[in-house]
Amino acid sequence: MSIEVSIIMISYNKYPQNLYSLYALENQTFDHEKMEVILIDDASSDETPSIQSETFNFPFRYIQCEKNVGRAKTKNIGIEESKGDILIFIDSEVILDPEFVEQHYLYHQTNDNLVVAGCLKHYCAYTVFYPDFFEHEKGRLLHLIKRRRRWVPREKRISFKKRIKSGTDKFSFFSKEEIQQARYKVYAYHEPTFPEVIEKYGPELNDYTIPWKLVITRNVSMRKSLIEAIGPFDEEFQGHGIEDWELGYRLYKYGAKIIDNPNACVYHQEHPRSPDNSIDNINNFLIFLNKHPNFDVGVMALAWLGKKGYIQINEIITEFYQVSNEHPDMLTYMTKGFNALFNSVFRLMSENRKVTKLLNDSGIENDLVWKESIFNERDRLISQNKGRKLIETLDILLNL
Numbered sequence: 172m173s174i175e176v177s178i179i180m181i182s183y184n185k186y187p188q189n190l191y192s193l194y195a196l197e198n199q200t201f202d203h204e205k206m207e208v209i210l211i212d213d214a215s216s217d218e219t220p221s222i223q224s225e226t227f228n229f230p231f232r233y234i235q236c237e238k239n240v241g242r243a244k245t246k247n248i249g250i251e252e253s254k255g256d257i258l259i260f261i262d263s264e265v266i267l268d269p270e271f272v273e274q275h276y277l278y279h280q281t282n283d284n285l286v287v288a289g290c291l292k293h294y295c296a297y298t299v300f301y302p303d304f305f306e307h308e309k310g311r312l313l314h315l316i317k318r319r320r321r322w323v324p325r326e327k328r329i330s331f332k333k334r335i336k337s338g339t340d341k342f343s344f345f346s347k348e349e350i351q352q353a354r355y356k357v358y359a360y361h362e363p364t365f366p367e368v369i370e371k372y373g374p375e376l377n378d379y380t381i382p383w384k385l386v387i388t389r390n391v392s393m394r395k396s397l398i399e400a401i402g403p404f405d406e407e408f409q410g411h412g413i414e415d416w417e418l419g420y421r422l423y424k425y426g427a428k429i430i431d432n433p434n435a436c437v438y439h440q441e442h443p444r445s446p447d448n449s450i451d452n453i454n455n456f457l458i459f460l461n462k463h464p465n466f467d468v469g470v471m472a473l474a475w476l477g478k479k480g481y482i483q484i485n486e487i488i489t490e491f492y493q494v495s496n497e498h499p500d501m502l503t504y505m506t507k508g509f510n511a512l513f514n515s516v517f518r519l520m521s522e523n524r525k526v527t528k529l530l531n532d533s534g535i536e537n538d539l540v541w542k543e544s545i546f547n548e549r550d551r552l553i554s555q556n557k558g559r560k561l562i563e564t565l566d567i568l569l570n571l
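For the sequence shown, this note's numbering gives the first residue as 172, with consecutive numbering after it.
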């Protein structure tokens with residue numbers, strides 16, 4: 172029987188959560204003979220290599236990188252090694268609902284052009300305690316232990332609370348059997364991603380111009396043919412994040428239909444987060460913007476600055492394309508100006524500098540013709556009662 176679905180897991184120092192994810196995959200309702208799981212170990216220094224000695228009830232391959240090559244490269248290795256026509260990307264610490272693979276498989280039988288995300292039914296689960304959890308994470312965990320006390324024997328609860336409060340050692344809450352019985356749900360809480368977006372535009376994301384934001388490879392699926400058409404993950408991205416959004420952007424521009432699966436739950440097993448992640452994200456988004464210097468990418472600066480939410484940004488993008496299509500000559504200089512201002516925002520953030528005086532930083536202030544043309548176009552929009560959201564966006568950037 173041929174493999175139809177390849178589940179690609181990338182892992183770096185996520186033991187034993189990666190093992191728990193594999194245990195849970197044994198519960199998938201999809202035919203195990205038609206699916207494979209590929210775990211790419213990005214040169215972990217923990218006990219991840221011990222997984223090689225484990226046996227599972229599905230075809231499993233463990234691939235170990237000799238040196239750390241990064242998130243994009245490890246995912247590309249998984250793509251190259253995959254046998255299935257349908258690819259499911261998950262972080263190695265993500266536990267999937269038993270129906271997850273079957274549901275995604277059925278989605279892809281209806282449309283070869285789909286990218287299926289899993290944002291609305293996203294949960295966070297504590298399966299392992301780490302001493303270096305932040306205090307608010309320890310507090311949340313203690314709250315869950317108290318709130319869900321009817322589901323855990325008293326002796327266990329007392330032991331867990333004592334070890335958490337002492338905070339000296341890493342320990343697991345669940346055995347293999349308990350993971351496969353979905354006991355991890357006891358210490359889980361709902362943490363949807365972009366819930367306001369999905370509530371407004373629906374799981375089909377109709378009329379939403381930035382669905383690529385939902386392409387997060389902690390759990391997302393697509394046909395391999397789409398990857399072959401647009402190219403793999405861009406390996407220029409280093410550190411944490413953005414390589415999946417950039418792939419999602421290319422998929423969207425290629426014409427793929429990005430949707431959210433509103434049914435199957437996914438559980439992200441919580442672990443300490445590196446403070447470097449946010450720095451990596453900013454640096455990588457600047458790379459993303461330089462690769463795609465377009466308004467619908469750069470305008471994400473408003474979200475990073477905390478000035479606008481994604482529904483508002485979608486309305487701004489919609490207005491930008493409406494004005495551009497109806498009056499191609501009205502935004503010539505403003506478009507170039509927006510791109511320069513957006514670039515300045517992300518560059519200043521990447522350099523840990525204050526985001527201010529963008530006219531100077533972007534070079535617009537020193538180009539009098541360019542500056543005057545931008546404000547002439549702004550005045551023209553005002554006089555014709557057009558582009559209200561674009562004018563507001565420009566004013567926000569200039570008043571920082």
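There may be inaccurate statements among the hints.
Quick list of in silico lysine to aspartate or glutamate cross-link-like pairs, EDC-like style, CA-CA up to 16 Å [unchecked claim]:
# : residue 1 : residue 2
1 : Lys-424   : Glu-399
2 : Lys-341   : Glu-522
3 : Lys-292   : Glu-218
4 : Lys-292   : Glu-399
5 : Lys-395   : Asp-283
Treat the hints as calculated values from the structure; they're not laboratory data.
Inset, instruction - Would you check the hint for Lys-292 and Glu-399, treating anything up to 16 Å between C-alpha atoms as holding? - result: 29 Å, violated
Inset, instruction - Given the hint that Lys-424 pairs with Glu-399, test it: the Cα-Cα distance must not exceed 16 Å. - result: Holds, because 15 Å separates the two Cα atoms, which is no more than 16 Å.
Inset, instruction - Decide if the proposed pair is consistent with the structure: Lys-395 and Asp-283, CA atoms, cutoff 16 Å inclusive. - result: Cα-Cα ~10 Å, so holds.
Legend entry - Holds or violated: Lys-341 to Glu-522, with C-alpha atoms at most 16 Å apart: 35 Å, violated
Inset, instruction - Starting from Lys-292, check that the Cα of Glu-218 is at most 16 Å away, please. - result: 30 Å, violated
Checked against the numbered hints given earlier, this structure breaks hints 2, 3 and 4; the rest are met.
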